[in-house]
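**Q** Using our numbering, the first residue of the sequence shown is number 5, and each one after it goes up by one.
Please keep in mind that the hints were generated in silico from the structure rather than gathered at the bench.
Some clues are possibly wrong.
Claimed, not checked - Straight-line C-alpha distance at most 30 Å; calculated DSBU-like pairs for lysine-lysine:
id: 1; residue 1: 191; residue 2: 149
id: 2; residue 1: 255; residue 2: 207
id: 3; residue 1: 145; residue 2: 178
id: 4; residue 1: 146; residue 2: 207
id: 5; residue 1: 286; residue 2: 255
id: 6; residue 1: 191; residue 2: 145
id: 7; residue 1: 149; residue 2: 178
id: 8; residue 1: 191; residue 2: 207
id: 9; residue 1: 286; residue 2: 275
id: 10; residue 1: 178; residue 2: 207
id: 11; residue 1: 149; residue 2: 187
id: 12; residue 1: 178; residue 2: 275
id: 13; residue 1: 284; residue 2: 255
id: 14; residue 1: 275; residue 2: 255
id: 15; residue 1: 275; residue 2: 207
id: 16; residue 1: 25; residue 2: 54
id: 17; residue 1: 178; residue 2: 191
id: 18; residue 1: 187; residue 2: 207
Small disclaimer: the values here were computed from a predicted structure and weren't measured.
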Amino acid sequence: MDVNTLLEQANDPAQRPEVIKALEHILLSSDDGNALAYRQRRDAAQALSKIGHVDAINALILALQDHHAAVRAAAALALGTFNDLRVMDALVNALEDEAESVRIAALQSLNIFETLPYEIIIEHLADESDSVRHHAIDILKKAEKRAMPALLRAMLHPNSTVRGTVADLLGMLKDEATRATLKEAAKQDSSRWVRSRAEAALKQLPPEQFDYPRINRNNYPGLQTQNPIEQMRAQQSSKLVSPQTPAEIQKMLDQLDLRLLNGEISEETYKRLVARWEAKLKDSTD
Numbered sequence: 005m006d007v008n009t010l011l012e013q014a015n016d017p018a019q020r021p022e023v024i025k026a027l028e029h030i031l032l033s034s035d036d037g038n039a040l041a042y043r044q045r046r047d048a049a050q051a052l053s054k055i056g057h058v059d060a061i062n063a064l065i066l067a068l069q070d071h072h073a074a075v076r077a078a079a080a081l082a083l084g085t086f087n088d089l090r091v092m093d094a095l096v097n098a099l100e101d102e103a104e105s106v107r108i109a110a111l112q113s114l115n116i117f118e119t120l121p122y123e124i125i126i127e128h129l130a131d132e133s134d135s136v137r138h139h140a141i142d143i144l145k146k147a148e149k150r151a152m153p154a155l156l157r158a159m160l161h162p163n164s165t166v167r168g169t170v171a172d173l174l175g176m177l178k179d180e181a182t183r184a185t186l187k188e189a190a191k192q193d194s195s196r197w198v199r200s201r202a203e204a205a206l207k208q209l210p211p212e213q214f215d216y217p218r219i220n221r222n223n224y225p226g227l228q229t230q231n232p233i234e235q236m237r238a239q240q241s242s243k244l245v246s247p248q249t250p251a252e253i254q255k256m257l258d259q260l261d262l263r264l265l266n267g268e269i270s271e272e273t274y275k276r277l278v279a280r281w282e283a284k285l286k287d288s289t290d
């Protein structure tokens with residue numbers, strides 16, 4: 005029975021278990037000297053993907069060892085139907101397949117998982133295939149913060165292609181936490197190309213905030229006791245009313261200390277006024 009007929013029969017829940025077994029038998033069959041037999045196996049993998057029953061997982065994983073790349077790629081894509089840890093492990097192994105189509109299919113299927121071994125995905129940023137590299141980038145961009153620890157570690161990867169591509173990714177993610185790592189790469193990386201990528205990534209981050217030093221007014225008694233208007237009024241009143249009693253003169257001396265600290269009078273003026281009021285204070289107490 006051909007694959008299309010079996011797929012039609014799978015619409016009947018009662019027949020589905022037998023249909024799956026029949027498709028698995030086709031998927032794992034040999035060529036028997038027929039150069040085009042791989043097409044039946046490929047179609048069987050695609051049919052099992054459409055049915056989407058977990059009973060097919062084991063057969064699809066075995067099909068990743070098929071000698072024909074088209075069958076292996078179809079099996080890898082079919083496994084993307086199942087969010088199962090067995091599937092993830094099998095697809096990660098398929099990333100080492102010699103055929104570009106299989107590596108691409110494995111990455112496409114891995115993209116369904118919420119969390120992945122990102123270090124392995126990062127290795128394929130230096131894949132010889134442009135398509136494989138682009139699919140790896142897509143996975144890492146989608147992961148965002150989940151992949152961030154692995155991306156930061158990868159800035160020390162021995163392969164400059166990996167480091168430069170990771171720098172580009174960090175720029176795309178625009179995370180302030182990457183600034184220190186990118187600055188280090190922009191200054192210290194052995195590759196001029198990586199340094200340029202790190203510099204470009206830094207320009208994509210939010211503007212760096214500079215924390216201006218602030219005076220801790222609690223360390224300067226008197227600075228925080230009055231608002232500016234009240235201080236000015238007090239200073240004006242002290243100039244208009246000449247202190248007479250020892251207590252008023254002492255208060256004037258205290259205010260001179262505050263005015264010197266605030267920069268309102270010079271040290272020379274301060275010394276002159278202090279001498280004047282200390283003399284008056286001595287006269288008033290004699």
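**Q** Under the criterion that the straight-line Cα-Cα distance not exceed 30 Å, is the pair residue 149, residue 187 satisfied?
**A** holds (19 Å)
**Q** Decide if the proposed pair is consistent with the structure: residue 178 and residue 207, CA atoms, cutoff 30 Å inclusive.
**A** holds (9 Å)
**Q** Are the Cα positions of residue 286 and residue 255 separated by 30 Å at most?
**A** holds (14 Å)
**Q** Holds or violated: residue 187 and residue 207, Cα atoms, limit 30 Å.
**A** Cα-Cα ~11 Å, so holds.
**Q** Measure nothing beyond the straight line between the CA atoms of residue 25 and residue 54; if it is 30 Å or shorter, mark the hint as holding.
**A** At roughly 15 Å apart (the allowed maximum being 30 Å), residue 54 and residue 25 satisfy the hint.
**Q** Need the status of pair residue 275, residue 207: alpha-carbon distance at most 30 Å?
**A** Violated: residue 275 and residue 207 sit about 54 Å apart, past 30 Å.
**Q** Given the hint that residue 191 pairs with residue 145, test it: the Cα-Cα distance must not exceed 30 Å.
**A** holds (25 Å)
**Q** Hey, residue 149 versus residue 178, does the alpha-carbon distance stay inside 30 Å?
**A** Judged against 30 Å, a Cα distance of about 11 Å means the pair holds.
**Q** Checking one constraint from the list: CA of residue 286 to CA of residue 275, max 30 Å. Satisfied?
**A** holds (16 Å)
**Q** Given the hinted pair residue 255 and residue 207, is their alpha-carbon gap at most 30 Å?
**A** violated (57 Å)
**Q** Regarding the pair residue 191 and residue 149, is the alpha-carbon distance no greater than 30 Å?
**A** holds (25 Å)
**Q** So if I understand the rule, the pair passes when the alpha-carbon distance is 30 Å or less; does residue 284 with residue 255 pass?
**A** Cα-Cα ~13 Å, so holds.
When each numbered hint is compared with the structure, violations occur for hints 2, 12 and 15.
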